[in-house]
Amino acid sequence: MNSLNNSVGADKVENEGIFTRFLRATEIDARLLGMIAALIMIWVGFHLYGLLVNGFGAFLTPRNLWNLSVQTASVAVMATGMVLVIVTRHIDLSVGSILGFSATAMAIMQVWILPEILGLGHPLIWVITVIFGLMVGCAIGAIHGYLIAYLGIPAFIVTLGGLLVWRGATFLLARGETIAPVDATFTKLGGGPYGAIGATGSWIVGLLACLALLGLLWQGRRKRVQFNFPQRPIWAETFLAIAGCAIIVGIVMLVNAYYWPKGIVRQYAEANNIDTPVSEIFISHGFAIPVLIMLAVGVMMTFLTTRTRFGRYVFAIGGNPEAAELAGIKTRWVTVKIFALMGTLCGLSAVIASARLGSASISLGTLDELYVIAAAVIGGTSFAGGVGTIYGAILGALLMQSLQAGMVLIGFDAAMQQMVVGSVLVFAVWIDTMYRRRAK
Numbered sequence: 018m019n020s021l022n023n024s025v026g027a028d029k030v031e032n033e034g035i036f037t038r039f040l041r042a043t044e045i046d047a048r049l050l051g052m053i054a055a056l057i058m059i060w061v062g063f064h065l066y067g068l069l070v071n072g073f074g075a076f077l078t079p080r081n082l083w084n085l086s087v088q089t090a091s092v093a094v095m096a097t098g099m100v101l102v103i104v105t106r107h108i109d110l111s112v113g114s115i116l117g118f119s120a121t122a123m124a125i126m127q128v129w130i131l132p133e134i135l136g137l138g139h140p141l142i143w144v145i146t147v148i149f150g151l152m153v154g155c156a157i158g159a160i161h162g163y164l165i166a167y168l169g170i171p172a173f174i175v176t177l178g179g180l181l182v183w184r185g186a187t188f189l190l191a192r193g194e195t196i197a198p199v200d201a202t203f204t205k206l207g208g209g210p211y212g213a214i215g216a217t218g219s220w221i222v223g224l225l226a227c228l229a230l231l232g233l234l235w236q237g238r239r240k241r242v243q244f245n246f247p248q249r250p251i252w253a254e255t256f257l258a259i260a261g262c263a264i265i266v267g268i269v270m271l272v273n274a275y276y277w278p279k280g281i282v283r284q285y286a287e288a289n290n291i292d293t294p295v296s297e298i299f300i301s302h303g304f305a306i307p308v309l310i311m312l313a314v315g316v317m318m319t320f321l322t323t324r325t326r327f328g329r330y331v332f333a334i335g336g337n338p339e340a341a342e343l344a345g346i347k348t349r350w351v352t353v354k355i356f357a358l359m360g361t362l363c364g365l366s367a368v369i370a371s372a373r374l375g376s377a378s379i380s381l382g383t384l385d386e387l388y389v390i391a392a393a394v395i396g397g398t399s400f401a402g403g404v405g406t407i408y409g410a411i412l413g414a415l416l417m418q419s420l421q422a423g424m425v426l427i428g429f430d431a432a433m434q435q436m437v438v439g440s441v442l443v444f445a446v447w448i449d450t451m452y453r454r455r456a457k
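So the number in our numbering is just where the residue sits in the sequence shown, counting from 1, plus 17.
If you are wondering where the hints come from, they were derived from the structure by calculation, not from laboratory data. Keep in mind that the hints are not guaranteed to be accurate.
Stated by the list, open to error - Derived lysine to any residue pairs resembling SDA-like cross-links, with alpha carbons at most 20 Å apart: (1) K279 <-> S296; (2) K240 <-> A42; (3) K279 <-> I214.
Stated by the list, open to error - Pair by pair, the computed Cβ-Cβ distance ranges are: (4) Y452 <-> I134: 32 to 42 Å; (5) F244 <-> F36: 23 to 33 Å; (6) T43 <-> W129: 24 to 34 Å; (7) F246 <-> W447: 45 to 55 Å; (8) L68 <-> L168: 50 to 60 Å; (9) R106 <-> Q248: 45 to 55 Å; (10) V437 <-> G51: 46 to 56 Å; (11) F327 <-> E133: 32 to 42 Å; (12) F244 <-> W447: 38 to 48 Å; (13) G375 <-> E339: 42 to 52 Å; (14) K347 <-> V182: 20 to 30 Å.
Ideal placement from N, C-alpha and C gives every residue a C-beta, glycine not left out.
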């Protein structure tokens, strides 16, 4: 019987196509490749549309792609937390309102309160402000988690109420005003020419990323040998290393190809007594700070979900809440921590969003909850629970932002944009449902 089973398994492997064998050897997620293919199709489609209609393509340019990455950062940071919320079969509709309330609280702190205490332009203002914003978001998330876990109120109701409560509190806190200007150093966290690390810094980041990739591949292979697990073929490891480093180098070259506008270069040259003609000065933006924040959050959240006990508890609860509780997992306490983490990430997104605008308006974060949920679901997080990835959520956020940016470039109005985003969300959930059925 065993020989018969082995023969059938061998025949099945032999009948697989080249692409299937490639995916099996490299262990690349097929859904990840599908998302990347969809993203490339969107980018190329919008670029070709611009070429055909306007005579020039504006989408696949260093300037647009750099701005696209900055615009994605805020939603992507929150989407990484939404993965954990949805994986445990909950939902959070209040993230946009928490972002708006946290941003307003930070603006009040750095515009009205701290300058009176520390003095205008004090170097600690932005540090205290960021910590305060994270604490506000964490506290709100913890309150939501307590109501859900210990009082038994459904997450949908709690966060729907939070959406209304914190949006109204934002209006009252700001007295209906836009609070500005925020601290000059704080604004660098939102991107812009002075909110980027330049060409040299970007190459250093790229080098460290390549070294980290090679280190992870080496460590993974060593662990497989140690525990006698099946190993990837040498050619697959080599392909992953070369392809990964090539992608990293390509991204670094892309962000370094976007130079400062000549007007800002002129101001910079005058402020630093540079006599070189402005037309001969080329200063690269490099990686924007909010993009680095997004990537750092992605790495930390991936480590949290895949390498810690807390992460295993989250997916165990999502897979079967009753079994997880019977196994001794403190499911209610884990739920509180998940929503507290979600609130903290909302506070961090509030830092990025308000720094990018240089102010805090009462409408900041409106409808962000829809884009965050859509990003998580498009990234492969299942509403049935127990399934989701951090990198998928970040790619989902990039895909959603690419749709919005492309529709703006081709002249779609706001109503049409909302219709397209809603249709994409429904389509993504349908794809997830079909995928799960085929998996069963």
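Which numbered conditions among the earlier hints are violated in the structure presented, ordered from lowest to highest? 4, 6, 7, 9 and 10
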